[in-house]
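Q: Below, each chain spelled out in residue letters.
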Amino acid sequence: MSDRTDLLLAIADDELILGWRNSEWTGIAPFLEEDVAFSSIAQNEIGHARALYELAAAELGTTADELAFDREPGEYRSAPLVELRRLEWARTIARHWLYETADEIRLDALKASDDPDIAGLAAKMDREETYHRMHAEMWVDRLLATDEGRTRLIEAIDELWPYALGVLDDELRPELVARAQEKLGRTLPDVEPVPRGAHEAELGELWEEMTMVRRSAPAGAQW
Amino acid sequence: MLGARAPEESAASESSAVPEAGSAGREASHGQGTIFEVFRQERKGQPFQHAGSVTAPDEAFAEIYAREQYARRQESVALWLVPRDALHEIDEFPDEFEMKYRRVDGYSIKARLAEARERAGTLDMAPGATSE
Numbered sequence: 003m004s005d006r007t008d009l010l011l012a013i014a015d016d017e018l019i020l021g022w023r024n025s026e027w028t029g030i031a032p033f034l035e036e037d038v039a040f041s042s043i044a045q046n047e048i049g050h051a052r053a054l055y056e057l058a059a060a061e062l063g064t065t066a067d068e069l070a071f072d073r074e075p076g077e078y079r080s081a082p083l084v085e086l087r088r089l090e091w092a093r094t095i096a097r098h099w100l101y102e103t104a105d106e107i108r109l110d111a112l113k114a115s116d117d118p119d120i121a122g123l124a125a126k127m128d129r130e131e132t133y134h135r136m137h138a139e140m141w142v143d144r145l146l147a148t149d150e151g152r153t154r155l156i157e158a159i160d161e162l163w164p165y166a167l168g169v170l171d172d173e174l175r176p177e178l179v180a181r182a183q184e185k186l187g188r189t190l191p192d193v194e195p196v197p198r199g200a201h202e203a204e205l206g207e208l209w210e211e212m213t214m215v216r217r218s219a220p221a222g223a224q225w
Numbered sequence: 113m114l115g116a117r118a119p120e121e122s123a124a125s126e127s128s129a130v131p132e133a134g135s136a137g138r139e140a141s142h143g144q145g146t147i148f149e150v151f152r153q154e155r156k157g158q159p160f161q162h163a164g165s166v167t168a169p170d171e172a173f174a175e176i177y178a179r180e181q182y183a184r185r186q187e188s189v190a191l192w193l194v195p196r197d198a199l200h201e202i203d204e205f206p207d208e209f210e211m212k213y214r215r216v217d218g219y220s221i222k223a224r225l226a227e228a229r230e231r232a233g234t235l236d237m238a239p240g241a242t243s244e
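Heads up: the protein sequence lines correspond to chains P and S, in order.
Just so it is clear: in the first sequence, position 22 is 24 by our numbering, and no numbers are missing.
Just so it is clear: in the second sequence, position 75 is 187 by our numbering, and no numbers are missing.
Hint data in this document are derived by calculation from the structure and do not stem from the laboratory.
Check each hint, because a few of them may be wrong.
[What the hints assert, rightly or not] Straight-line alpha carbon distances no greater than 35 Å define the calculated DSBU-like cross-link-like pairs of lysine-lysine that follow:
no., chain 1, residue 1, chain 2, residue 2
1, P, Lys185, P, Lys113
2, P, Lys113, P, Lys126
3, S, Lys212, S, Lys222
4, P, Lys113, S, Lys156
5, P, Lys126, P, Lys185
6, S, Lys156, P, Lys126
[Claimed, not checked] Beyond 10 Å from chain P on every Cβ pair, some chain S residues (computed):
no., residue
7, Lys156
8, His162
9, Ala168
10, Pro169
11, Ile176
12, Leu191
13, Val194
14, Pro195
15, Ile202
16, Ala223
17, Arg224
18, Thr234
19, Met237
For each residue, glycine too, the CB sits at the ideal point set by N, CA and C.
Hey, can you work out the whole structure from these sequences and the hints?
A: Here it is, written out as structure tokens:
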């Protein structure tokens, strides 16, 4: 597998798994408007995953569905940050904001890529991610504005920080540290990143659920 | 706000989509902020029409929520958000003298129209002419 498909699959898997995790709030988000907005963000992420899988699939001679659903859990290249199941709002917002901040840095690098397909798709994704970032930033500002919100958000960010560092490679990571520290006005711990490939146990459970329908139907079933 | 949504809150959010007469200026009953009425324009040049409402803690959240609910499928080219407080509602229109003649429906013109058409020889061309 080329570095190109490896990169595409890493980002696609991030977006698919995070989209799945975010969709777990559908129906139970803190209030109705947030429910709709967060579900819509989840759908966008899955749409990005599909576009990325399609690019990789063209190179590998397979399909987006096969890449999304027919690999074993161990073959996914997602960052453990997106695999964690934390159905608690402060952690959800912390993860959402950490991921979107890292993703912006990654997309900026991809937009400058020599590969026109990758640069084009990155620019297209970024136009939607702008609204995800607005949403994440607003929530972070709002939580930081009260004592309880701040305490809960900072606690969540501290827990997730080593995972957030694992989203980016060594080259881009310092930018994430700089942006996160600036927003929070606080020094974040200098810890070892949780690397890609070090899957969380939760990924297995998610995979079982996510691939259930696909596995129950014979290959090539028409819907 | 951080916990799971209570059923009564969800019901309040949904019912707030259709403001009742005389409710202008009332705060959201579930204490989650301000109700913003949303008007959407489907195509450039067309009038903005009331689409519904969103409840949000402030204008920035209202913008995000309105984008997601009324424009994410490219069904609008522009949105107006107006805090319900800012609307001046009028809902009393006295009609003490039943001045029906001021309205088009105050006149029964069906029979007269038929007569006129008969005179002009265009009765067959009138819509629904055969059933009358």
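Q: The structure should be examined with respect to each hint, and the outcome stated for every one.
A: Hint-by-hint comparison with the structure:
1. P:Lys185 <-> P:Lys113: holds, 24 Å
2. P:Lys113 <-> P:Lys126: Since the Cα atoms of P:Lys113 and P:Lys126 sit roughly 9 Å apart, the hinted pair holds (cutoff 35 Å).
3. S:Lys212 <-> S:Lys222: holds, 17 Å
4. P:Lys113 <-> S:Lys156: At roughly 32 Å apart (the allowed maximum being 35 Å), S:Lys156 and P:Lys113 satisfy the hint.
5. P:Lys126 <-> P:Lys185: holds, 26 Å
6. S:Lys156 <-> P:Lys126: Answer holds: S:Lys156 to P:Lys126 is near 24 Å, not above 35 Å.
7. Lys156: holds, 20 Å
8. His162: holds, 17 Å
9. Ala168: About 6 Å separates S:Ala168 from the closest Cβ of chain P, which leaves it inside 10 Å; violated.
10. Pro169: Incorrect as stated: the minimum Cβ-Cβ distance to chain P is 7 Å, not above 10 Å.
11. Ile176: violated, 5 Å
12. Leu191: The assertion about S:Leu191 holds, with a minimum of 14 Å to chain P.
13. Val194: It holds; S:Val194 is separated from chain P by about 16 Å at its closest Cβ, greater than 10 Å.
14. Pro195: holds, 15 Å
15. Ile202: Since the minimum Cβ distance to chain P is about 28 Å, S:Ile202 lies beyond 10 Å and the statement holds.
16. Ala223: Non-interface label on S:Ala223 holds, nearest chain P Cβ at 53 Å vs cutoff 10 Å.
17. Arg224: holds, 53 Å
18. Thr234: It holds; S:Thr234 is separated from chain P by about 54 Å at its closest Cβ, greater than 10 Å.
19. Met237: holds, 51 Å
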